[in-house]
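> One-letter residues, chain by chain:
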Amino acid sequence: MQKIKPFDHLILILGVLFLCAPVVMALMSSTHAAIDIHSNGLSLLPGGNGIETYTKVLTHRGGFTGDVTGLLMLRNSLIMGLGFAVGKIALSMMAAYALVYFRFRFATLLFWAIFATLLLPLEVRIMPSYQVMSELHLLNTYTGLIVPLLASATGTFFFRQFFRSVPDELLEAARIDGAGPVKFFIDILVPLSKTMMAAIFIIMFIYGWNQYLWPLLMTTDESFYTLMRGIKSILQVWVGSQIPDYNEAFALAVLAMVPPVAVVVIFQRMFIKGLTESDK
Amino acid sequence: MAELTLKSVGKTYAGGVDAVTDVNIDIKDGEFIVLVGPSGCGKSTLLRMVAGLETVTRGDVHIGGRRVNDLDPAERDIAMVFQNYALYPHMSVRDNMAYGLKNRGESKAVIEERVAEAARMLELGQYLDRKPRALSGGQRQRVAMGRAIVRQPKAFLFDEPLSNLDAKLRVSMRMEIRKLQQRLGTTSLYVTHDQLEAMTLADRLVVLNGGRVEQIGAPLEVYRKPASTFVASFIGAPAMSLLDAQIEGGQLLLAGQALAGVGIAPGPVTLGLRAEDLRIVANGLRMRVEYVEELGAQRIVHGMVGDQAVAVIDQHDTPLGPDVRIAVDPTRLHLFDARSGRRMETRLHRVAEPAQ
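Chains A and B supply the protein sequences, listed in that same order.
Anchor point for the first sequence: position 231 equals 231 in full-length UniProt numbering, and the numbering is continuous, going up by one each time.
Anchor point for the second sequence: position 186 equals 186 in full-length UniProt numbering, and the numbering is continuous, going up by one each time.
Honestly, the hints are just simulated from the structure, not real lab data.
Errors might be hidden in some of the hints.
The calculated lysine-lysine pairs, modelled on BS3-like cross-linking and capped at a C-alpha distance of 27 angstroms, are [to be verified]:
| no. | chain 1 | residue 1 | chain 2 | residue 2 |
| --- | --- | --- | --- | --- |
| 1 | B | Lys102 | B | Lys131 |
| 2 | B | Lys154 | A | Lys183 |
| 3 | A | Lys183 | B | Lys179 |
| 4 | B | Lys179 | B | Lys168 |
| 5 | B | Lys154 | B | Lys7 |
| 6 | A | Lys183 | A | Lys194 |
| 7 | B | Lys102 | A | Lys194 |
| 8 | B | Lys168 | A | Lys183 |
| 9 | A | Lys183 | B | Lys7 |
| 10 | A | Lys194 | B | Lys131 |
| 11 | B | Lys108 | B | Lys168 |
| 12 | B | Lys131 | B | Lys28 |
Coverage of chain A stretches by chain B, computed from C-beta distances (three or more under 8 angstroms per stretch; other residues unrestricted) [as the list claims (entries may be wrong)]:
| no. | segment |
| --- | --- |
| 13 | 68 to 77 |
| 14 | 162 to 174 |
| 15 | 187 to 196 |
A virtual CB, placed ideally from N, CA and C, is assigned to each residue, including glycine.
So that you can see chain A by itself, here it is in the shape it has in the complex:
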């Protein structure tokens, strides 16, 4: 038995509190009335307004058009997150497959070109991207929201490294077994990459879920509002004597946390496996 050291535990408990307190605070504050929060500050104890606030946030029709409900924003965010994650995985897997398994000129050069785009954040290329989408008349569409950000250097890089760790004999055995390039990809590589896909799914889902600037630029139609914009717009009403609906902002923030947390919890085991071990 290891001796229990109180001091170590104290540090750990402090760490846990430090990480959890803001979340708890947001959750608890969201159950108070807005005025309450405005006058008394944040609170760590539950208030009595929880159900009303959450119902209102999810179903209240807001915005200029009066059509934007929390559920709609949640749906939009989900479409963004899932579209990003699935699209990026599909695209980067195929790119990596081409880079690793096909001998073509400039493959290495191409790879480094893709890799170099990792250095450019979205903000740098946001204007040209916007212009392209605008000229394609893809503003205010899901396609326009998702497709321009699908090319993923990170995903391509991860999958390339993973494919390179797959033994060559597997490819050779498959060739002798009569599997062509497409069959090998679908029958062998895709199932082998499952853990890798789970890992990248988590990263990319959260990346898509948290997008703020891009949807802000790409969509003017309120039916494309995402949760992130919703939170922001609640706090934007601070004019004159208006008190922002803090409770609603907190409620939305809490709601916005749920899907990513769920994704992480579901994929966590595969995620860790995918990052730490390559399947034999």
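Fit chain B to the known structure of chain A by using the hints.
For chain B alone, kept in the frame of chain A given last:
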């Protein structure tokens, strides 16, 4: 089942490295051929050319009378067993074996029947639904063989299939492979660097060195009449001792002593001595004992004659002094050209025992 022919096959890699040069082998239907040689001798390259995993730079490869140089591996109707098994990790044993058949569009009934038959032959029945990672090395190797068998190919290609197994398992799998091959009667090409494996498995051996064929022949023939010093030192354990000797006046001289009479022009030659052909005797060549390997049934005495290393197999277990005398039957001597290393065929006869 088919015969397999290699006609002056060669392989040059990009960058001008010659991996294989001018290989000619005629393999009869149902024959078990072992390609043996040290690492880097081109044996795997040769096998992979037959499999279609490497392009053939020169020459022709025929399988069952059909030139296959430009065919895909899948179209060559061969099956291959890899050193690291190369099983599909995410598929069950059953699916692993069935995959090739599925891709060929065989009917479900045929697949099921062949897989069941292979599983029965290899005693894999109870493992059919397991994943490869839940199997031991020997079992994995059997699955790899099962995958080859179900296809009923014209030829089996083995690429060092036993190298990843421990010594004991290797011996028993060796026997299994041989029995299986005899039962199925499928032409087989087997690559190994283990000369013992080669000797025990092969109908005929192909000894390769530096991408060239040194000798082709039945195991015993290769053992008894090695065509070159390379073959002599590679086949057999302990390796044949190769010594610098002289021919003078119709006599073969080693360390100043005449061993045999020969009809070859005077000059330096390389003398080959098999350890089991040497005997420890009362009178003979003087050997300084360096160390002794006890093997139980026999012992191998390593020593020096003059300044050249010699190994002797001795059946006795009497203690040895620092010096022993050794003798050899002249008909068991091997002579090789000192420069080219090729075998010199000549009649050797006994000379009078030198006076003590």
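> With reference to the structure, classify each hint as holding or not holding.
Hint-by-hint comparison with the structure:
1. B:Lys102 / B:Lys131: Distance ~18 angstroms between Lys102 of chain B and Lys131 of chain B Cα, so the pair holds.
2. B:Lys154 / A:Lys183: At roughly 24 angstroms apart (the allowed maximum being 27 angstroms), Lys183 of chain A and Lys154 of chain B satisfy the hint.
3. A:Lys183 / B:Lys179: violated, 34 angstroms
4. B:Lys179 / B:Lys168: holds, 17 angstroms
5. B:Lys154 / B:Lys7: holds, 18 angstroms
6. A:Lys183 / A:Lys194: Roughly 16 angstroms separates the two Cα atoms, so the pair holds.
7. B:Lys102 / A:Lys194: holds, 23 angstroms
8. B:Lys168 / A:Lys183: violated, 38 angstroms
9. A:Lys183 / B:Lys7: violated, 34 angstroms
10. A:Lys194 / B:Lys131: Holds, at about 16 angstroms.
11. B:Lys108 / B:Lys168: violated, 38 angstroms
12. B:Lys131 / B:Lys28: Not OK: Lys131 of chain B and Lys28 of chain B at ~37 angstroms, beyond 27 angstroms, violated.
13. 68 to 77: Violated, because only 0 residues of the segment 68 to 77 of chain A bring their Cβ atoms closer than 8 angstroms to Cβ atoms of chain B.
14. 162 to 174: holds (count 6)
15. 187 to 196: holds (count 5)
In terms of the numbered hints stated before, the structure departs from hints 3, 8, 9, 11, 12, 13, listed from lowest to highest.
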